[in-house]
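Join the two chains into one complex using the hints; note that each chain is given alone, in its own frame.
In order, the protein sequences belong to chains B and R. Here the first sequence is numbered in our numbering, starting from 1 and rising by one per residue. Here the second sequence is numbered in our numbering, starting from 1001 and rising by one per residue.
Worth flagging that the hints you see were computed from the coordinates, not collected in a lab. One or more of the hints may lead you astray.
Stated by the list, open to error - Below, computed lysine-lysine pairings styled on PhoX-like, alpha-carbon distance capped at 25 Å:
| no. | chain 1 | residue 1 | chain 2 | residue 2 |
| --- | --- | --- | --- | --- |
| 1 | R | 1368 | R | 1392 |
| 2 | B | 65 | B | 7 |
| 3 | R | 1460 | R | 1488 |
| 4 | R | 1394 | B | 74 |
| 5 | B | 65 | R | 1368 |
Residue strings, one per chain:
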Amino acid sequence: MTIQKTKNGSELIIAPEGRLDTMTAPELEAELKASLDGVTALTIDLTELEYLSSAGLRVLLSAQKTMNNQGEMKVTGVNETIMEIFEVTGFSDILTIE
Amino acid sequence: MKNNRMKDKERSRWKEFRDRLTPDPMFHETEVQTNRLGALMLLCSGVILVVILILTATGVFPLSGNLMYSTTIQAIVEILILLLICRITKNDAWWLKPLLLIGLVIVYARLDSMLTHKAAILMVIPVVFSSRYFSRRLTVFTSVLSTVVFAISAYWGATHGLINLNIVTFPEGTQMIATGGFLGDAIINAGASDRMLIFNTMLYDFLPRWMMFSIISIISCNIARRGRDMVVSQHEKDVKSARIESELNLASGIQADMLPNIFPAFPDRTEFDIYAAMDPAKEVGGDFYDFFLIDDDHLCMVMADVSGKGVPAALFMMASKIILANNAMMGKSPAEILTDTNAAICSNNREEMFVTVWLGILEISTGKLIAANAGHEYPVLKDPDGSFELVKDKHGFVIGGMDGVRYKEYELTMKPGSKLFLYTDGVPEATNARNEQFGAERMVDALNLDGDASPDQILKNVRRTVDDFVKDAEQFDDLTMLCLEYKK
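For reference, chain R alone in the conformation it holds in the complex (with noise of 0.2 Å):
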């Protein structure tokens, strides 16, 4: 029982161990990429280990035989284990980076006992390196070991390592005679004390190198604390950025089914066939096409395009929207629905956002047609036997602009073949690479490509003429377009 309970709780601090040496999924790739540079520095530590090894060899380098040798070697055969260790890991597990930490303590502690003074930077790469971590709490440990590691190292390299000339003590009236060769060779061989060398490598050695590594320390410390914050900041910018994107995807989709988009739309009126439209440049747009039955008898067609672009000119669309259809189902005339619709928007517009209107509505038992524009585009119109042609119509001011504007109406026939072609800015003022308008003449001259078309095609037409002129500049304002045929 008791010892089940101690196994129980032994099992529980590994579980603790773990977790805290397993990063937050966020630092999971930096933490990769940190190992894989670790495995990098292994990699051109154990060349330099080679490189080391040949040149004594050849007895470039003057070090004394064989510990150098035996030191060497077994760095080396460390690095290569790390190196094998990280290749099978992939550099992607969370016992890694203790252990290549450590592994570097001691690979550079080795080189530190044999090379001593010589290479003093040696101590503070460890330290520099686990501040790629972005765990202050790491770089503290890397410190300490590397405190107690170089000490050792230190203790050691003073008797077996390359002799610091300069901290070489001998009692007074000491004489020396070298007879050639380096000094360091003739100081051990005049049999100065391991004692002195060990003392005075660590008081005047050690310890100003320890001194230096310690504010080395302090500043890994602090950049790997702000790069967490960092890379924490970042991480909470990706996520905001991600929702609102998909909030945007969400907000296009309301918005698109706002708009009557199932074609056919009226399967069972054969006295006229309609179809559109719509194609923001922004997730979200603020051009709206429209068209319902008020009765039986009376078709409203809309199309508006709202000042700017993005989530504010789509939440004014809604309101637009919405606005017009309500004063439109009340039964009223187009001016009067564009008069009360302009008054509502103008009670309430703190930021000035307007909207252009062209509101038509179709008699379908007469084809009498009436309209009133706010501020839009000219409307186009086939003749049965004619072509499309510009309306130019009389034009109010926008909607939401200026209070108390009253809008005109005016009547247009529509006989069985008859064609109505409405859109906004987006199709005239489609720019190309040379920065050249689409423009209404070519506009005109796509519906007249093939004015007898189904209004489905006839849309397909102009879109396809726009893509053409356009090419590959990107499309910069909404496309919307509507097309009514009249058949009776």
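Excised from the complex, chain B in its bound form (with noise of 0.2 Å):
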């Protein structure tokens, strides 16, 4: 998995490519844990996401509750495949899905 980050005074976009599953998503995880501070507004586009395993997801979580203190989030580029798995565990209904 390659993570592209793209910052712009407090916009954050964050477009992680590949699998995200348990052996990458602590690198997401590390990587959002490191650079929310002072962001406002996040934007996690998933454009380019392959595969979403249930610890991305925990990831996602985490990162929503993060931004429900300092902004917003919202995801982008949501697949079929993907938005299924939202759907599935009841995540489009707490994530902002555009």
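Rendered as structure tokens:
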């Protein structure tokens, strides 16, 4: 997995590419932990994401909780497969998906 | 009496000596390897000596005859004896390392006495080799022994070995006439004094050589000590990882025993048949199933998947399973069970783990199944005369994800002959080498291969189809399935 990061003032776009699973989720978690300070608008772009496991969902949830306290978070570029995962797990009610 | 005590003392000293030379078990392997290396060095030296012998015999090497032969042959005999000992002991005896080191020092010193300054490097070989035993004491011993033995060989070689022309001094005014041949022979014929040769050799040859040798000795001591540290720390790591592995095996045994895994589970209940299996991808996993009778008429079934894998997931799984079962046994409805479990888990969940849960309670007498779904996969239901189909039920959020979530429940009806299949995402997300997922569609097809089979057989059919699909690719996620057949 590679993580593309674009920062523009207090706006941050994070785009994980590849597989977000048990092996790679800690990487994204560390990346988010390190870069969320002072961010008020977080966009997670999943356009290039091939696979999302429950460990990846946990990272998204954790980011959502952090952003609840300091601004807004939205998830973009969600393909059909990943949308289904969001719906099945109830994440579609928690996340702002565009 | 006194004599006996002396003997006892001697014996205990001998034992102490022996113990000191016997390596700690963790060094045993490296010691045998080093002995083997020593034997190899001896073999190489023997071959070189034979070559020297041939070259001398054919006159290519201009060494003074008889002495050269006897020294070389003596060295070859020593090498052969040592090699024989190595062979008999299979390089494995506590006394072999001092014997090898002493042997090597003597063999090389013998050569050194003939070749003198031409083969100055011979002196360092035993010390460098000794560092491979990873014992500083042994390297120091070899260093001291080398100093003494090579001093003797230099002393002896000054008058018997190759003459180093650079150190020969003659009294002022000496004239020398050479009539051909080697200069060294001419000098010996001219009557250079032995005292001068010995004195000059020790001072100009041996002393500088010994200085370089002492530097290499220090380096060798350091290598021996560092090598020892590395072997010790590697051994500690090995012990630790073996312990972790055995603990993981134990943990996976405990985890497996937490789930009802004796089938038939309810041999005296003819109204239903239930079968389940869990196959974790790692030693311990985060999936679980559960089923138990709340009372005579109510069977509770759980299928759940904790986020992540390994030990953290397994710990979270244990807690979730117990909280769910406790809430269920209190006679609550599925939605209440999930709502209360979520509240209990969210109250203290700093690691932000979560678990997806499908929970259903079957009223055995009527076939009424009330279920609630906290972010788990769709269940699959088969009517008596129909085929297996996904039930697109309503989903709540995962348990442990967010505080204060309320879950809704829904009702299904099981008719006699109906079957219910529950699973975790490991089944539809099983991935083959081409990175394709098994998918829900293939899973439903596998269920319908023989929809009338027993729950046990249906799980086997799915498992086999998944295995055929995945083939050689590594099992990435846990595979957990449960099948219920309602009979009455």
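So, going through the hints one by one against the coordinates:
no., hint, verdict
1, 1368/R to 1392/R, "holds (18 Å)"
2, 65/B to 7/B, "holds (20 Å)"
3, 1460/R to 1488/R, "holds (24 Å)"
4, 1394/R to 74/B, "holds (24 Å)"
5, 65/B to 1368/R, "violated (38 Å)"
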